[in-house]
Amino acid sequence: MSEDLLVELTGITKSYGPVRSLRGVDLTLRRGEVLGLVGDNGAGKSTLMKVLAGAVQHDDGEIRVKGRPIRFSNPAEAQAEKIGIVYQDLALCDTLDVASNLFLGREPRRGPFIDRRRMHEQAAQILADLHVKVSSTHQEIGTLSGGQRQTVAIARAVSFAPDVLILDEPTAALAVAEVESVLRLITAVAAQGVGVVLITHRLQDLFRVCERITVMYEGQSVDDVPIGELDIESLVGLITRTGVAADPADTPQTEQEATA
Amino acid sequence: MTATTARATGSPAPAVARLAQQRTWWERTNKATLVMAAVTLLVFVFFALATDNFLTLGNVSNLATQVAPALIVGVAMTFVITAGQIDLSVGSIVAFVSATCAQLLVAGWDSSLVFLAGLAMGLGWGLVNGWFTAYQRIPAFIVTLATLSVVRGLALFTTEGFSVPIESWTAFARLGTARWLGLSSSAWIALAFAVLGVVLLHHTRFGQYVIGIGSAEESVRRAGVNVRLVKMAALGFSGLAAGVAGILIAARLGSGSANSAQGFELTVIAAVVLGGTSLLGGRGTIVGTLIGAVLTGVIANGLTLMSVSPYLTPIITGTVLVVVIWVNLRGADLGSVLRKLTGAR
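As they're listed, the protein sequences go chains F and B.
If you count by our numbering, then the first sequence holds residues 62 to 321, one letter each, in order.
If you count by our numbering, then the second sequence holds residues 30 to 374, one letter each, in order.
Wrong hints could be hidden among the right ones.
Said to hold, decoys possible - Take a look, some chain F residues computed to stay more than 12 Å from chain B by CB distance:
#1 T74
#2 D101
#3 T108
#4 M180
#5 S206
#6 R217
#7 A236
#8 E241
#9 A252
#10 R273
#11 E279
#12 E290
#13 R302
Unchecked claim - Facing chain B, from chain F, some residues (calculated, C-beta under 10 Å):
#14 E138
#15 L151
#16 P173
#17 A185
#18 Q186
#19 T198
Claimed, not checked - For lysine to aspartate or glutamate, the following DMTMM-like pairs were computed, each having C-alpha atoms within a straight-line distance of at most 20 Å:
#20 K60(B) x E201(F)
#21 K127(F) x D87(F)
#22 K194(F) x E138(F)
#23 K60(B) x D155(F)
FYI, nobody ran anything at the bench for these hints, they're computed from the structure.
All of these numbers come straight from a predicted model, not from anything done at the bench.
The C-beta atom is built at its ideal place from N, Cα and C for all residues, glycine as well.
Please build the complete structure, drawing on both the sequences and the hints.
Next up, the structure:
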């Protein structure tokens, strides 16, 4: 099983001044699995994923990628380790076109110049492969619908051929049909051996695609449960900590609880 | 290359080719720039009809020389503004470089060394602006407002406010009077800058990141781009361009003065914004800046030929600026009003 382990986070902490966003988080991700990462607002899910994607540097704890201890000082280093992320705010540039956004930071070149023709052809191929519906790769991102922007952002992350793909609220702004296509896309990506971390408040989506759920609460990881052992009600209980007293032995205490 | 993108080589499927198909000229064109081009043409025709001397080879050549410094710095300023920054210090850098180059020539330096020193001084001040802005995170408006004061102050301090003459036999002075195919060296250098600007902004990664930073800096940073270096480079380019303009102005006038290029930064910013570059960043057009610089130059030149009071020139230029930008911002609204009036759909 250990050779399947893509990512292992142990005791990750991160503070912003006096605010302790992460207080010692443990998380594992295996090859080809979809891991749901859930928790209430402010639980630290997005911060944790920014740490894994190199956008935020953690204070303490260890990151292991494919068994190798590593510390990312910028997003490029995480990208080099084949860790891709789609942020909640999508990280797109509204005044650049679809192809330019797909290839931002790695534009194909001919000598010192961007090879726009090749960039647009490759972008069109990526979008066609993923069934992303936009009218043209020359279309400005700012003119796309919320759903189209989301799928372009996911297509961008997938085009890096990542080993790990982090999706932060990918279905939050989507119409029903678009949610379906994103979930199908997630399953297809995982089937290729990619480990996917899915952060979402749409709990029903987790039951469609995830195999395991990690629950965060006030900056700590408090539960790690196979999805088969959960239903929506019990999952809500784990997130809000209303039902945890029923089985205290399975639940690590939060710092707040420990000091109370 | 990724597994997905590898398949893109070879001949693409029709659906893929349709997705990647280039847009029409009309779709690609910046409409604000188009409005400006039309206005410039109208103003050009007006002065050609209203005066006898406007449309002569001599005057057009003179106009090109007058417009050159604003165009050179405007090209670089387009990068700065497109990246969501501003550079208020360009006028002071022009004055500093022109005064210091004249002083170095008086001190016996060879012209070739003075050219290099002028470029280095411009670039140096630009990098100072860039370093404080990009690496110390002080807003460019504040940094360049400070260097506007410091740089001109240094030039005034070293020259005590006097104009420093340049001997006409030096290669430096001869650059100012050199002509080729009817146009001055300044005009040719400005044209070269415009071509360089188009290539850099629209065909290189640097230009792509400048646009991206102006649109969403954090997104570009997360894509692994060194955004601070790009911002510093844009402001460095602006300083370098101001250095070139300073050299050309000193060479043309045959003297260097710490009092030259007063208010030059506003002329340049006006030309850039008139051309359709967004002051909010994320959108830039070098062709627009060329048109903007020409329009402001044409208005000043035409009014002079019409013997209109020189005090009216800034009033008219400012009014044109406001009207054109208003038309650009409200273009859609005006279009719908016109459609209603004419009953067109």
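**Request:** Would you check the hint for K60(B) and E201(F), treating anything up to 20 Å between C-alpha atoms as holding?
**Result:** Between K60(B) and E201(F) the Cα gap is close to 15 Å, so the pair holds against 20 Å.
**Prompt:** Non-interface claim for R217(F): all C-beta distances to chain B beyond 12 Å?
**Reply:** violated, 9 Å
**Request:** Grab the minimum C-beta distance from A185(F) to chain B and call the hint holds if it beats 10 Å, violated otherwise.
**Result:** holds, 4 Å
**Request:** Under 10 Å, Cβ to Cβ, is where P173(F) needs to be relative to chain B, so tell me if that hint holds or is violated.
**Result:** Holds, because the Cβ-Cβ distance from P173(F) to chain B comes to roughly 6 Å (cut-off 10 Å).
**Prompt:** Is it correct that the beta-carbon of D101(F) has no partner in chain B closer than or equal to 12 Å?
**Reply:** holds, 25 Å
**Message:** Confirm or reject: E241(F) is not an interface residue toward chain B, with every Cβ-Cβ distance exceeding 12 Å.
**Reply:** At about 21 Å from chain B, E241(F) clears the 12 Å cut-off, so the statement holds.
**Message:** So A236(F) supposedly isn't at the interface. Is its beta-carbon more than 12 Å from every beta-carbon in chain B?
**Reply:** A236(F) clear of chain B: closest Cβ-Cβ about 21 Å, beyond 12 Å.
**Distal placement of R273(F) relative to chain B, Cβ over 12 Å** = holds, 26 Å
**Request:** Double-check E138(F) for me: the hint is only fine if its C-beta lies closer than 10 Å to a C-beta in chain B.
**Result:** Since chain B brings a Cβ to about 9 Å from E138(F), closer than 10 Å, the hint holds.
**Message:** Please verify whether K60(B) and D155(F) have alpha carbons no more than 20 Å apart.
**Reply:** holds, 18 Å
**Message:** Quick check for students: does the CB of T108(F) sit more than 12 Å from each CB in chain B?
**Reply:** Correct as stated: the minimum Cβ-Cβ distance to chain B is 14 Å, above 12 Å.
**Asked** Is the nearest CB of chain B more than 12 Å from the CB of T74(F)?
**Response** Non-interface label stands for T74(F): nearest chain B Cβ at 22 Å, farther than 12 Å.
Of the numbered hints stated above, those contradicted by the structure are hints 4, 6 and 22, listed in ascending order.
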